[in-house]
Each structure stands twice: as structure tokens, then as C-alpha cells.
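Each protein sequence line maps, in turn, to chains A and B. For the first sequence, this note's numbering gives the first residue as 41, with consecutive numbering after it. For the second sequence, this note's numbering gives the first residue as 25, with consecutive numbering after it.
To be clear, the hints were calculated from the coordinates, so they are not data collected in a lab. Careful: at least some of the hints might be erroneous.
Unchecked claim - Pairs of lysine-lysine residues, derived as DSS-like cross-links and limited to a Cα-Cα distance of at most 27 Å, are as follows:
#	chain 1	residue 1	chain 2	residue 2
1	A	306	A	219
2	A	211	A	325
3	B	434	B	532
4	A	339	A	219
5	B	448	B	571
6	B	489	A	260
7	A	231	A	281
8	A	82	A	210
9	A	306	B	489
10	A	260	B	488
11	A	298	B	488
12	A	260	B	532
13	B	571	B	489
14	B	489	A	298
15	B	532	B	448
16	A	306	A	260
17	A	61	A	210
18	B	488	A	306
19	A	281	A	298
20	A	278	A	298
21	A	82	A	61
What the hints assert, rightly or not - A few chain A residues that face chain B, going by a derived Cβ cut-off under 8 Å, partial list only:
#	residue
22	125
23	167
24	224
Claimed, not checked - Ranges of calculated distance between the beta carbons of each label pair, as one might list FRET restraints:
#	chain 1	residue 1	chain 2	residue 2	range
25	A	254	B	309	32 to 42 Å
26	A	292	B	384	53 to 63 Å
27	A	200	B	384	49 to 59 Å
28	A	228	B	214	55 to 65 Å
29	A	275	B	214	38 to 48 Å
30	A	292	B	309	18 to 28 Å
31	B	435	A	292	12 to 22 Å
32	A	165	B	539	35 to 45 Å
33	B	449	A	292	17 to 27 Å
All figures in this text were calculated on a predicted structure; none of them were measured in a lab. The C-beta atom is built at its ideal place from N, Cα and C for all residues, glycine as well.
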Amino acid sequence: MKRILLLLTAILACSFSAHAKLNVVATLPDFGSLAREIGGDKINLVVLAKPTEDPHFVDARPSFVVSLRSADVLIDGGAELELGWLPPLLQNARNPKIEIGKPGRVQASQGIHLMNVPANVTRAAGDVHALGNPHFAADPIIAKAIAQHIAQSFSALDPANAAFYEANYKKFEASINAKLQEWGAAMSPFKGQQVVAYHDSWPYFAHRFGVNIDIFLEPKPGIPPSPSHLTEVIAQIKTQKVKAIIVEPFHDRRIAEKVASTTGAKVVEFSQFPGGLPGTDSYVKLIDTLVSRLAAALK
Amino acid sequence: MKKIILLAVAVLPVTVVSAQQATSAASSSPAPTVSNTTPATAADVEALRQQVTSLIDTVKALQQQVKDQQAALQKANLTGESGLPQNPEPPPIAGAEESPAPRGSAPPQFPTEDTSVVSSTTAPAASSVPGAGANPSPAAGTFPTADTSVVTSTPETISSTGAGASLTQPITIGGGKNYMNISLDGLFALAYSSARDLDHIEVGDHDPQQRGFNARNIELAFDGAVDPYFEGFANIVFKLDNDNQTEVEVEEAFMQTTSLPYNLQLKAGQFFAAFGRLNPTHPHTWDFADTPLVNGLFLGPDGLRGVGAQTSWTLPLPWYSQLIFASQNGRGSTGFSFRNPGDDGMFFDRVTTDREARGLQDFVWIPRFENSFNLSDTQTVLAGVSGAFGSNETGANSRTQIYGADFLYKWKSSHAEGGFPFVKWQTEIMYRRFQAGHGADDSFPVAETFHDWGLYSQVLWGFKKGWVAGIRGDYVDMQDSKFTDDLDRQSRWRLSANLTWYPTEFSKIRLQYNQDFLQENFFLSARQVESVFLQWEFILGAHGAHKF
Numbered sequence: 041m042k043r044i045l046l047l048l049t050a051i052l053a054c055s056f057s058a059h060a061k062l063n064v065v066a067t068l069p070d071f072g073s074l075a076r077e078i079g080g081d082k083i084n085l086v087v088l089a090k091p092t093e094d095p096h097f098v099d100a101r102p103s104f105v106v107s108l109r110s111a112d113v114l115i116d117g118g119a120e121l122e123l124g125w126l127p128p129l130l131q132n133a134r135n136p137k138i139e140i141g142k143p144g145r146v147q148a149s150q151g152i153h154l155m156n157v158p159a160n161v162t163r164a165a166g167d168v169h170a171l172g173n174p175h176f177a178a179d180p181i182i183a184k185a186i187a188q189h190i191a192q193s194f195s196a197l198d199p200a201n202a203a204f205y206e207a208n209y210k211k212f213e214a215s216i217n218a219k220l221q222e223w224g225a226a227m228s229p230f231k232g233q234q235v236v237a238y239h240d241s242w243p244y245f246a247h248r249f250g251v252n253i254d255i256f257l258e259p260k261p262g263i264p265p266s267p268s269h270l271t272e273v274i275a276q277i278k279t280q281k282v283k284a285i286i287v288e289p290f291h292d293r294r295i296a297e298k299v300a301s302t303t304g305a306k307v308v309e310f311s312q313f314p315g316g317l318p319g320t321d322s323y324v325k326l327i328d329t330l331v332s333r334l335a336a337a338l339k
Numbered sequence: 025m026k027k028i029i030l031l032a033v034a035v036l037p038v039t040v041v042s043a044q045q046a047t048s049a050a051s052s053s054p055a056p057t058v059s060n061t062t063p064a065t066a067a068d069v070e071a072l073r074q075q076v077t078s079l080i081d082t083v084k085a086l087q088q089q090v091k092d093q094q095a096a097l098q099k100a101n102l103t104g105e106s107g108l109p110q111n112p113e114p115p116p117i118a119g120a121e122e123s124p125a126p127r128g129s130a131p132p133q134f135p136t137e138d139t140s141v142v143s144s145t146t147a148p149a150a151s152s153v154p155g156a157g158a159n160p161s162p163a164a165g166t167f168p169t170a171d172t173s174v175v176t177s178t179p180e181t182i183s184s185t186g187a188g189a190s191l192t193q194p195i196t197i198g199g200g201k202n203y204m205n206i207s208l209d210g211l212f213a214l215a216y217s218s219a220r221d222l223d224h225i226e227v228g229d230h231d232p233q234q235r236g237f238n239a240r241n242i243e244l245a246f247d248g249a250v251d252p253y254f255e256g257f258a259n260i261v262f263k264l265d266n267d268n269q270t271e272v273e274v275e276e277a278f279m280q281t282t283s284l285p286y287n288l289q290l291k292a293g294q295f296f297a298a299f300g301r302l303n304p305t306h307p308h309t310w311d312f313a314d315t316p317l318v319n320g321l322f323l324g325p326d327g328l329r330g331v332g333a334q335t336s337w338t339l340p341l342p343w344y345s346q347l348i349f350a351s352q353n354g355r356g357s358t359g360f361s362f363r364n365p366g367d368d369g370m371f372f373d374r375v376t377t378d379r380e381a382r383g384l385q386d387f388v389w390i391p392r393f394e395n396s397f398n399l400s401d402t403q404t405v406l407a408g409v410s411g412a413f414g415s416n417e418t419g420a421n422s423r424t425q426i427y428g429a430d431f432l433y434k435w436k437s438s439h440a441e442g443g444f445p446f447v448k449w450q451t452e453i454m455y456r457r458f459q460a461g462h463g464a465d466d467s468f469p470v471a472e473t474f475h476d477w478g479l480y481s482q483v484l485w486g487f488k489k490g491w492v493a494g495i496r497g498d499y500v501d502m503q504d505s506k507f508t509d510d511l512d513r514q515s516r517w518r519l520s521a522n523l524t525w526y527p528t529e530f531s532k533i534r535l536q537y538n539q540d541f542l543q544e545n546f547f548l549s550a551r552q553v554e555s556v557f558l559q560w561e562f563i564l565g566a567h568g569a570h571k572f
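Isolated chain B (complex conformation):
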């Protein structure tokens, strides 16, 4: 297009000038004959006439030139695309591919082609990128190569993972274009409990924490391709506390690599530790309305997460086998059993040290090894072992080790509709060795080592499209301290049952019943606590894909 304009601009003055010359020449030619002052000779007239005709010829030649150029450009437009002749993509090679097969014979009665559904050429991707050492000439010229003028009318490719998206190509969501997927998830609960202090019964920060209404997990999630090398994720959680004050948590915000060799992946930022099954997941994906006791009491009310980096490697084995290794600061309440200064500077009745990292021993190191097998076409198991090792704040050199093992079994019908029916059994067991030291400045008289363990086991049965029934058992065994009577260190157990209805995958309504058995209650009202939760959830925006 630009060329045409340039050409037109260049040609116009010439034609105008020559036309003017021609007319002035023509108009001036009769003048001498009229004027008698200098009578023109016949030779003069002839000379002028020749001048005029030569000028007219020049104009004609120029006009022809313009015409030719325009024709050439049009041709280029037809074969190339959008007037960019320097486009690197080769022009489509007219192929025999779309001609009806029985050519030459009588035309088929029933149409075998339909341009209303199939573009005259398909598939630009395969041939436009001559990669992987393949023959760059497009399939020996038999199949047509890209014709983007045709393909643009078809849907853009989808890149939910963002993999392969170019720097300038927005990823596609909901048929539109955007550089990232955005979703908003609201999780609410109406709670009743026979204990007034529900915040001491429920151990998770996003669990119902008071009688009445709770809005403890309103989550904004973003993800998308950063560039051809990284993907970015962020989960920002808004939480209304029991006084309806809004708290904001940067639950996760990290980038990870998309195409490192050798099945490696790096991840860096703020993220959930890959410890067990439940810890790395967000509350809205949980099968129960609250955190299992062992997760809340060992890994922390907000789960084990922090700023750090992680490497994972899927082993080149015929089954799914992955090694994950992460390191995080492990500070604060999201590094609960580690460098956690505790509430009011106390943890397990010790005044905490709250110190800066002295060296690598003060980070939390989190390895995980997981394997998965298919027992049959409809049955899958996934088993993993995890660890978390670091120092804690109850003494100058006190350390914490947590070991975990997890197991998941899932059956899903080979005739599943909407993912139903299914049966899912999930169990996690953890052991914690906690060296409780002398506290800050040796303020606590004795050091001791706690050996705690706990587990939960749950079975979910999706018995009908959209309907899931679940039961769960929880147990935590805390070793008694010989020196203190810390209520946070009591052994306890819990039974839960629930029924969830998912009208679609974007909403759910859940009714859950909990029976807690505590050795002591904070208000000593009862040793058995009954709670009922009605939980509901909505999701707006990007379709949340389901991990296994």
C-alpha cells in the first residue's frame, strides 16, 4: 500500500507538470499567430507542435508505467499477504489437495467439499516453522503452506499455559485476547459450633473462624505467559477477619520456566511448598470446608509457603516419577514450625529469638519424591514422600524436621459424564521432630524434643453428576511437655462428613458436619465439639483447569 502511495506521489507532480507544460505550450502556440508584433514562422509552429506531442507521449508512458505497477502490486497482494511482499512465509503452493477426488469422472452427487466449514488451506503452523531439523521445504510442496489471510478468519490458537506464545501475541481467553488469565474466586461459610471459640477449634486460617458468616478466602488469580521462556502466576487473597477488617495476603506470586531441557523446571518467588497433597493447593479446591488438623498444626494455618526457589525434575522413566527440591526462607507464620516468632513472640511457651538467617541451615529445605501408576484404565494411584528441614526460633540451635507420606487412589468410571461418578481416597501422614530450645537469651530453663505425628484420611464419592459425598478422619498426637501445659500441644481427633453440590464447575454449595474431640477446650465448656458449616463458592473468569 505504501508503495502505491509513494508511486502516486512521485508520479503526480510529473504528470501535473507535464500536463501544465502541454497546455501552456498548446495555448501559447496560437498566440504568435494572433499577435502581429513578432510574426511567427511556420518552422516555429512546427517546433512547438513537436514539443507538445513529445510531452503527450511522456505523459502516456508515465501513465502506462503506473498502470503496470498497480497491476504488479495487485498480483503481489493476491499471492502474498496483506501487502507485505517481504513476508518470510512462502506463498501457498497451489495443491491438488482440495480438488474433489473423482476429478474427471462425473461430478459427485453429494458434495465432498464445503468451504463454509473448511478454509481452502489449513494448518499454517506445521509448515511455517521449519523446526526440529525437519526439511524446511514444506512437505515436498504437496501440501499448501500457510495462507494467513485465510487462517486469520479461523480461531486463534489457545494458550492457556502460554507455552509458545510469542512476545507480541496475547494469549486467548474466552474467545478474546489478553495477556493473562484472570479469575476471581469467592469462598464463604456460614458456621455453627457448640464451642464459642471456633477459631481455636478450626486450625486453618481460611477455615470458618467464627460462629455466623465467614468470608475468609476471596482470591484473585492471574496467570499467563511472561515471554517465550517463563510463565507467571499470582494468587492474591482478600480475607475478612472476625471484625470484618480486610486482610490481604500474597498467597503465591512466582514465575516458572516453560522449556528447560532434560524435563527440568525452575520456579522462583512466593509459593506453596510441594509438601504432600493438600499443602500446595488453594482452599477452594479442597474437598472439605476446613484444613485437616495435621496440616494446620504442623505446616501452619496458612500452609507451608514462602519466598524461595524450586527445581523439579521428571525422571525419564516409563511411569510418572518426579523429584522436587525447594528452599524457602521459612519465616513467619507461613513457615510455622520453622523460623516463626509466634503469636506475641511466644512459640511452645518459649520466647522466640526472631533472628536473621545465619546461613543455609536457617532456610527451610523441602524435598519431595512422587510416583504415579495406573492400576487400570479407570484407576490411578499417586504416592509421595516429602520432607521439610530447617531451624526454629525456640532456641539458638534448635531445629525442626517434618516428614510426610501421602497416598491418593482414584477411580473414575469409563463412562464418566462431567467427571462423575468417581471415588477418591486420599491420606496424608506426617511426623514432626521439634527441638524446643531454651528460648531467647536462654530464658526458658529446659530444652526438650517433641515427637509429634498425625494423619488424615478422606474418601470422596462422586455418586451423581455434580454431587459428592465425603467422610474424613483426623488425628494428631502431640507429645506432652514435661514442663509446660500448652493447649496448642494437646492430642486431638476429628470426624467430618459432608455433601457437596456443584451446579457447574464454577460454583458449589457444601454442607459439612464436624465432631471434634479435644482433651481440653479453651473455655472448658466441652471436650466434644460439634460444628456445622454451610460453604458456598463462585468462580468468575478464566476456567480453572483441574490438576490431578
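Same shape as in the complex, but just chain A:
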């Protein structure tokens, strides 16, 4: 009994001392990476989803409840991407600090004009998100806005370090602004080129860099590729001379390979998330990798 009490006090002491740093939980690794840019070593960061797994279907593991329970800040997409797993976690976490509307809740989609908002919401169209396409962080300009939003939240909750967060945001903004020149230059020769993707995760990236990514191996979002649809896609690839097929780490690469081998297009491994590809531990490195991979494939 004494031991248990000792353990409990030790844990309590730990949790109190840990309050010196903001406890930040990010649902997805891209938000986590932006939080790290802003928070540096002044935050404890927990990222729920793995960079290599499908963000639509993450297991609501009980350990996530523990992280959310003690969170000062929760960063989520706010555009229904995590709808299948975040609500029960929040219900169980019982943490008023991260309720919607509190400074501890950053919903990344706030202030973002989402693309492809369906006029009519019907599930006959597959896994369509009523609020618009939720894969918005692949646009560096949007990433800046999210980072700013995060910095605001951190500053409000930890005013002592507000200047630090603000400086980090400025630094991040400057580096994105500078990098955008590089990325833009690298992608400019391919303006208007058609690219095929496994899933419709890339409208924001495409919009930013002037390529078209609107042919998909999935017949409808979330519906696995069917032979008849693939035949159509192969025909489109041939007529439009598409050079690249984008797959993400959790997609069935063999299907993309098959399509590629019959058409001569190249399979390009992409990820929405820092850490989803080797050598992409930060947001800037991720976009670096995406741009250089796509540019190489389109050459």
C-alpha cells in the first residue's frame, strides 16, 4: 500500500512538474511537425496517428485518452478527417481545456477555404467529406496559416514564452517563403501536367504547384480500385501521357505498379505526413522531398 502511495505521489509530482512545458497533442503528424516548429523544446508533443497509416482510420487506443487527458493543447484538422476516431477519445478524455472554442483547441481548418466542398452530400459518392477535402496541409501557404494559428494558441496559454513562439513562427514563415521560390521554380516546367494519384489527397498541393491531380486509382474516395475503373485510368494515362502515379505508404503499391508497367508511368511514393517517407522529419523536408520526387518523375 505504501509503495502504491509513493508511486502515486511520484507520478503526481511528475505531472505537476511537467506543467512547466505545454502538453501538446496533435492528431496527425503534419500538425505535430508544425507544432514542433513553433514550440521547439518548450512543449511536450504527442502525435496520435502514425505517419505511415491511413489517417481516416486510426485506432482509438486507450493510451491516446491518457495523452488527451493531460493535454493543454489539442491540434486537430477540424474537417472531419479524424471523425472516425477522435470523438470517442475526447469523450473519454474529459478535458475541458481542449474543448472547441477554448484556446487549447486548435482546429487547423479554421481560416482555411477548403476545396471540393460537395454541393450535395451523398455517400453514393464514396468517402466524401461534407466540409471539403481535408488534406489541406500539403499546401505550404496553408501550413503557414496553421503554424500561425498554433503560435497564437501557444502564446495565449504560455504568455511567458510568447515571444519565443512568435519568433519561431516568423522563422518558419520566412523559411517557407524562401523555400516556395525554390519549389515553385522546380515545378514551373510542369505546369498543367496531369498526374494520377491513388486517393484524392493532393488537390491543395496540385493547386499550389500548378499540376493537375484529378485522376485517381480509386473509383471513388475510399473505394478500392476495381478492374474496370483501372482499365479506364490506364486509357486516360495513355491518351494524356501521364508520367507519374502518386501512392502513399498505406496504399497497395502493387496496384499502382501494375498500372505503371502497362503505361510506362512511374510510381512516385508520396506522403502527407512528415516521417512518412525516409528523411522527412520536418515539414520543409517533406515538401522538399515531394517536389523533388515529382519533378524527377515528370522530367
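Here the structure of chain A is known, so what remains is to put chain B in place on it, guided by the hints.
Leaving out everything else, chain B in the frame of chain A:
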């Protein structure tokens, strides 16, 4: 806007009146000159002229005043929002945040800003609520604060849990607004069995209960934020019995707190007892088409649920650890092993007492303690122990105790698509001590205590996106009564295998094979019973989030 109208209304009569005065004055001025009856003096004319000019000046002054006011209002509209100058939110502070970084140098060739995707200001939430003892001044004025005229064009925040929704703010579903999430779930089965009395082979009320088609679980589910303090849930189940009569069950209807301190949560209403893994869940989330034997025979064909209240507390430990304690009436068939009058007033061959609660001992008390650990990045275990204690109706002072232990192991690939592939192993074991008394009015000659136990263990393998294969073993050991030959008290076991296809998370088609081994069958046709079920399901409406 109101102010402008008020002002206009106030100003109009004045201008009209003064204009009228002016014109009447002007028109009346020549009159004396025309009329010879009273010849006007030059002084009179001069006086009138002065009157007119002063009136004109007044009108001009008033017009200017109106103009000024309008300009002021317009300005207020630009900075404030929707013409409500008393809005508590501070006006946005013009920040340097959206100016391109290399300002002063040559303009960047590639755009670094794009107002078509990012509003000029973001994030009202952080600064509009100065909470948690934070500095209420919005981040030292560096970042802009809320500008709702810009933010309203962006999607509203989502509140599936309803947490934080204000009293007047509807929660958002499907991009629209509503005060609650609504869904309809239809679960059907086509059944074959080598036994004619499938309703005696299958132990759950929502299981297939007859050869042929079954529609035993058509469920309406509602949930949403009641107010900033509570969430509400309700599951109303429509069930077609074997004669195609519709029965309605209020399966669950309860409210629970959203933000009590110390990680506490209270729940009150009609709800499933948190006993083990399967009991608190609804049939459409089950991995098999029917209830495990031990659940149906110990906790009841409809599961252990009832009207009551529950407290739960997640312990402040570095891992997931939760204590749950509930109390329910435990009456009727949903309090199966407790204050259940039984079919035709009989339970375990005793005439039941069917009495009112005498005191706290007649309620069912249901504690649970569960813990979860991650074995690795892809592996999780969850283990729990549960109890249910109360009195039963087979005697004046007869009591029931049920103890349970459950274990769940889950592996999911770190490269999972749509949640696949995965492996899930789930086991529950229960022990029941049932004091069977003398029945109502001591009508049964002997009292005895039954020690029953049972378990099920199942493995599910999601081998490909949308496809799951499962096997399950079931066993129930019932202690023989020395005095009666109750067929409901026979030991039995079952093996099941199934294959499920989920076209999406909103539909499924499942084929299941069961082999039952009974000591005796009701029609004594066979001791082994084979059954095949084809089950199908659809879900309309709100996206059902998946609990672990």
C-alpha cells in the same frame, strides 16, 4: 443599421419641416408685394429673407450631421463586425503576419501568399476566449485576433462530441447544422439451422431467432450536446419478432457529464452495464452474427442493462486505467440473473417473487476496473475485471454474484489502409454464483446454490481492406440441479467461423457458420446443431465513430 434608420427617421421630419417652412416662407414672401391691401415695407422683406437663409443653413447643418454619422457608422462596420459596435471581441489588430517576408526586397517570383486558400486572418478561437489564466490581451498584439466576418466563410468547427458547443450553437453534421447526430442502422439475417427451434439455440434477443429472414435490430441512434455540461445519447431499437410484430426497445437513453474535474464522469439513465467487452456494445458493432453463449445465458438475452447511474474515474496514472461503478434497478429480462421474474413467472423452475426493491441490496451493483497498455507501436492490450452483485427473485433472500475477466489484444499494421490489416483476439470469462431459493411463498422444497462458469474466445483477422475472417469458441458449464431438469441449465459449447466483407464502414455482409453441441435439444432431434447465417447491415446518417 438600426442606428442609421433611427437617425434617418429623426432627421427626416426635421428636414421636411424646415424645407416646408423654407418654401412657404419663400412663396409667402412675394405675396405682400403682389397684394396691395397691406403694402409690405422693405424691412419686412429683409426680415423674411433672413429667416429663409437661416432655415437653409439649419438644413445644411443637419445634412452634414447625417453625412458625418453615416461615415462614422461605415467605419465602425469595417472594423467591427456586422454593425454591432458593442461586440466584445476586440477589433483585429493589423499585423505584419500576412505580409510577404522579403518585404523591401524585390517581390518574390513565386507567390508566398494566397488569399483564395487562407483567410487574411486565422484562428478566432485562441484569442477570443481569454481562458486558463492566460494573458487576456491577445498574444501581445502581434497576431491578429478574431475577425468573424472573415472566419464565417470558413467551415464551422465540428462538435461530434458536442463538447464546448454553446447553448445556441447547433452541432455540425455532414456540413450542415443540427443539434444532434442521427443515424439509422438496419441489421438483418437470413438463417438456416438443422434445429427447427433456432430461438432455443441462439441465446441473444437480437440474434437470428428463426429459420428464414430475421430483422431483429433496426436501431435509431441519437447523440449530441445537451448544453455545455451534458451530452445525451439514445438508442431506440425496433425489432420484428418471429410473427413479424414490431417490438420497440429503449435500449439506451442517458445523459453524461462532459467536464467534471479530476477525470470524473457521471452517467444516468437507461444504459448498458460496463461489464466486460461485449455487453456495453450494440449488436451492429459485434464481430459475429450472434451473442456468445456466456453473455446470453449469464447477463441475459438483451445484455445487462437498466435504469441507473454510473460514475467513472480515469486514474492519474501514466497508462490507461479506469474505475467504473454503476448501480441499476436490475429488474426484468435486462437484469436477467437478478430481479428477473422470468418467463411465465418462473426462473430456474422456481415461481419468482417479483417484489419491489426493499433496500440497497436489491439493486445491481456493477464495478469494473480496466487497464490498457501498448506493447509496441502497433500492439495494444486491454484487460479488465468486472462484477455484478444483487439479489434475485427465486427466494426471499437469494442473491446473485457474477464475476468477469476480459482480455483484448490488437495488432494493426503501421501501414494500415482503412484500418486493415489487423489481428484482434478477445476473450471473456465469467463465473456466476446463483442462490436459487425456495421460490415465492416457499413453494419450492429446496434451496441450492449454482456455480456456473463460461467463456468465449475469438480471433478476428482483417486480412485485406474491407475483409475480416473470424473464429470463435464458446463454452458454458452449468452446475446440474439435483432437483430439477431445467433445459436452460445444460452445459453446452459452440464453434463459429465467419467471413465479413465491409464494402465501406457503412455496410457489411457476413457469412457465419455455427456448430452447437448440446446435451439435450428441446425437440431431441439432434445433439449437434449446425447453423448458417447470412447477415447484412446498412448505416445511414451520422458517422459512427469506433471505440477501441
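How the hints compare with the structure:
With a C-alpha separation of about 26 Å, the suggested pair residue 306 of chain A and residue 219 of chain A falls inside the 27 Å cut-off, and the hint holds. For the hint linking residue 211 of chain A to residue 325 of chain A, the alpha-carbon distance of about 15 Å falls within 27 Å, and the restraint holds. With a C-alpha separation of about 21 Å, the suggested pair residue 434 of chain B and residue 532 of chain B falls inside the 27 Å cut-off, and the hint holds. For the hint linking residue 339 of chain A to residue 219 of chain A, the alpha-carbon distance of about 21 Å falls within 27 Å, and the restraint holds.
Taking the CA atoms of residue 448 of chain B and residue 571 of chain B, the gap is about 14 Å. The hint holds against a cut of 27 Å. Annotation: proposed proximity of residue 489 of chain B to residue 260 of chain A holds, straight-line Cα distance about 15 Å (limit 27 Å). Restraint check for residue 231 of chain A and residue 281 of chain A: the C-alpha separation of about 14 Å stays at or below 27 Å, so the hint holds. Taking the CA atoms of residue 82 of chain A and residue 210 of chain A, the gap is near 17 Å; set against the 27 Å cutoff, the hint holds.
Annotation: proposed proximity of residue 306 of chain A to residue 489 of chain B holds, straight-line Cα distance about 24 Å (limit 27 Å). For the given pair, residue 260 of chain A sits about 18 Å from residue 488 of chain B by alpha-carbon distance, which is consistent with the 27 Å threshold. With a CA separation close to 18 Å, the supplied pair residue 298 of chain A and residue 488 of chain B stays within the 27 Å bound. Taken as a hint, the residue 260 of chain A and residue 532 of chain B pair is honoured in the structure, with Cα atoms around 18 Å apart against an allowance of 27 Å.
For a cut-off of 27 Å, the pair hint linking residue 571 of chain B to residue 489 of chain B stands: about 19 Å separates their Cα positions. Among the hinted pairs, residue 489 of chain B with residue 298 of chain A is consistent with the structure: their alpha-carbon atoms are about 18 Å apart, no more than 27 Å. Taken as a hint, the residue 532 of chain B and residue 448 of chain B pair is honoured in the structure, with Cα atoms around 18 Å apart against an allowance of 27 Å. Under the criterion of a C-alpha separation no larger than 27 Å, the hint pairing residue 306 of chain A with residue 260 of chain A is consistent with the structure, at around 22 Å.
Pair hint residue 61 of chain A plus residue 210 of chain A holds up; C-alpha atoms about 21 Å apart against a cutoff of 27 Å. Only pairs whose Cα atoms come within 27 Å are accepted, and residue 488 of chain B paired with residue 306 of chain A is accepted, the gap being roughly 25 Å. Pair hint residue 281 of chain A plus residue 298 of chain A holds up; C-alpha atoms about 16 Å apart against a cutoff of 27 Å. For the suggested pair residue 278 of chain A and residue 298 of chain A, the alpha carbons sit about 14 Å apart, so the restraint of at most 27 Å is met.
With a C-alpha separation of about 6 Å, the suggested pair residue 82 of chain A and residue 61 of chain A falls inside the 27 Å cut-off, and the hint holds. Interface hint status for residue 125 of chain A: upheld, as the beta-carbon distance to the closest one in chain B is roughly 6 Å, under 8 Å. Here the hint on residue 167 of chain A is kept, as its CB sits about 7 Å from the closest CB of chain B, short of 8 Å. Checking residue 224 of chain A against chain B: minimum C-beta separation of about 3 Å stays under 8 Å; hint holds.
At about 36 Å, the CB distance of residue 254 of chain A to residue 309 of chain B agrees with the hint of 32 to 42 Å. Here the CB-CB span from residue 292 of chain A to residue 384 of chain B is close to 58 Å, well matched to the stated 53 to 63 Å. Checked against the given bound of 49 to 59 Å, the beta carbons of residue 200 of chain A and residue 384 of chain B, roughly 52 Å apart, stay inside it. Separation of residue 228 of chain A from residue 214 of chain B is about 60 Å and conforms to the stated range, judged on CB atoms against 55 to 65 Å.
Checked against the hint of 38 to 48 Å, the C-beta distance between residue 275 of chain A and residue 214 of chain B comes to roughly 40 Å, which is consistent with it. The hinted range of 18 to 28 Å is satisfied by residue 292 of chain A and residue 309 of chain B, whose Cβ atoms lie roughly 27 Å apart. Restraint check, residue 435 of chain B to residue 292 of chain A: a C-beta distance of roughly 19 Å satisfies the suggested window 12 to 22 Å. Checked against the hint of 35 to 45 Å, the pair residue 165 of chain A and residue 539 of chain B passes, with Cβ atoms roughly 42 Å apart.
Between residue 449 of chain B and residue 292 of chain A the Cβ separation comes to about 25 Å, which falls inside the hinted range of 17 to 27 Å.
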